[in-house]
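Full structure from sequences and hints, please.
Residue numbers (my numbering), protein chains in the order written: chain A, 215 to 682; chain B, 461 to 673.
A few of these clues could be false.
Stated by the list, open to error - Distance condition first, Cα-Cα at most 25 Å in a straight line; then the derived SDA-like pairs of lysine to any residue:
id: 1; chain 1: B; residue 1: Lys506; chain 2: B; residue 2: Ser572
id: 2; chain 1: A; residue 1: Lys387; chain 2: B; residue 2: Ala529
id: 3; chain 1: A; residue 1: Lys387; chain 2: B; residue 2: Lys601
id: 4; chain 1: A; residue 1: Lys387; chain 2: B; residue 2: Thr511
id: 5; chain 1: B; residue 1: Lys601; chain 2: B; residue 2: Trp509
id: 6; chain 1: A; residue 1: Lys387; chain 2: B; residue 2: Ser572
id: 7; chain 1: A; residue 1: Lys387; chain 2: B; residue 2: Lys506
Simulated from the structure, these hints should not be mistaken for lab results.
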Amino acid sequence: MILPILLIFPLLAAVPLFSLRSRRAERSVLIVHALLTAGAVIYWGVAGPEEFIGYFRADSGNLLFLALIAALYLAVIPASFLYLERQKASELWHRIYVVAMLLFVFSMTGAVLAKNLGLFWVFIEATTLASAPFIYFERHQSSLEATWKYVFICSVGIAIAFIGILFLALSAKGESDLFYTDLIANAPRLGRFWLLFSFPFLVVGLGTKAGVAPMHSWLPDAHSEAPSPVSAFLSGMLLNTAFYGLYRIFQVMDAAGLRREAALFFLVCGFASLLISAVYISGATNYKRLLAYSSIENMGIIFIGVALGGGALFAAFLHLVAHAFAKSSLFITAGNIAHRFGTKDIAGVRGLREADRPTGALWGVGFAAIAGLPPFPIFISEFLIAREMVTQGRFGLLAAFLILVTLVLYGMARAAFGMYLGSAPAGAKAEPPRPIEWLPQAVLLAILCLVGVAMPEVIRRLVEMASL
Amino acid sequence: MSQILTILFGVGILYLALTSRMRTYIQVIALQGFILFLLIARDFGKLDWFTFFFLSFETLAFKTIIVPAVLWRIVERTHVARETDPHIPQFGSVVIGTAVFLAGFAVTDWVSRIDPSVDALPFGIAVSTLIIAFFIILSRKKLITQVMGYMLMQNAVSLLMIAMAVELPLLVNLGVLLDIFTLLFLFLLFLGKLHSTYEETSREKLTSLRDQP
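Below is the structure:
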């Protein structure tokens, strides 16, 4: 019974907010929604699967993604309140932020819960519309540019994905109605030609939202212009939500005996994403754009892991979790840095450890987590992916993988250390941060550290079940 | 009759390769919307009444009237009469447009041999329209022209659905309508904002967010 409540609550709650005109009420609704989402995940984890009107289902296959939404939502809310306070958001823009957040989380939750590919597509479309106001939130010339690119490129991507769905529907004519379970069960009887024809359209189309090359160009712009808590959500969850649908389609291809072809597309997108990040990350002058290029790289690694299969499949899903936590933490911290230093330019930030110890520490530890240094789980996932390449005897791929990952690491490290070390400008040394400014990120990084050192059984099972 | 309509749909998109006038773009988009409506009306009786009503509304009200009217309003507000300086000159566009059209039919010939159930003429024109719409998006500098390229792409997708007789759940059709409606709203909003911010709404003005390798 909790599934319909979770889906309907944000829609019903958004309506009275326009008449109440109370910031406290708006914030309370967000908190209740986040707690409801977290409660629902715990409930499904304990009580088992739940279905709603035949189109939505919460089960072990999507519980990991729902858990990520819940965890990141809880981390993003305090950061959002802080952001709205710092921005001195007007009553109207405060309401826009809250309503957009409710709808954004609703659309991501709906996409993950949807049993039907068509319905998934509708929710993915809705994520673009719900998140566009965030990117325009600061109303600069650059925000406008980023919003335009985001809406336009994602719309084109979504239209391409729709063409893919058309071809997939043609391959499934009479056999199934775009339900994942039907598609997988009937996969051997699907028309191979149309199935194969649909896959590139789906990969490019949904890959646009997943932030992988060749349709990644909206990502650095949108992530750098959106409020930092929203960038955390975009990077930590939106990309994964789009990936979720793509993985389900990958499973259909696998069941239809077209795994080799599907893996080839994933590998090409994965390596193209790594290449793009490696080329552009060193040239990034804005640290939020730097983090965005790192997101493209990490999504590429996830695609590569799925393409390789075997032990790399578990690694890909572990990587997904680790990237979501580490990147969200880094983006929220980036918001604090922007507030303290008054700039998003890498060159404008020096002496972070001296100016603000907790923020400096979070930046340093966050960098270690995203760079894949032990004991963080990205070290394990990248190691497992590399090991799978060795097991499969794909040494050329291994060399390309290691070189590209190292280049990205170099670009990241140069900027991150430059910001961390040195002397802080006088204006940056202000009062020490309040716990609300560092606690959510610290918790995310602590969980990651725990997963890396001694992975709790519940997390291992969630990751394993998601990859099945 | 439906073959003539489909050919007319294709001629419209080919004509766009020749022109740079914004109003012609809008007229072609409206014409294509009306052709799509007629192609659906042809299937009256084959579809259940709700789907028929929904698709008729989508094509006639939205694609033929509302979308062109909104585009017309944007053109008047932004005072952009024509695409003055495309990335590819007019003659090149005509050559490329024609080549794409022929290539679309070559693809169709190949596809219809593999799956004879595909209606070759609308499939070929839909594929050609899709590619030309992409070409317009990539080769034109004005943002409003790119939006029109996107709308042409949506029309091509609708023709593709008709060609392949794919019956998707109504929910997905609703999603398509939502997509068009909200995007128009956003485009109207942001194009207005972009125009007042940048004076000239050209893609080349939107370069403040760029990294060097």
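Hint by hint, which ones does this structure get wrong, listed from lowest number up?
-> 2, 3, 5
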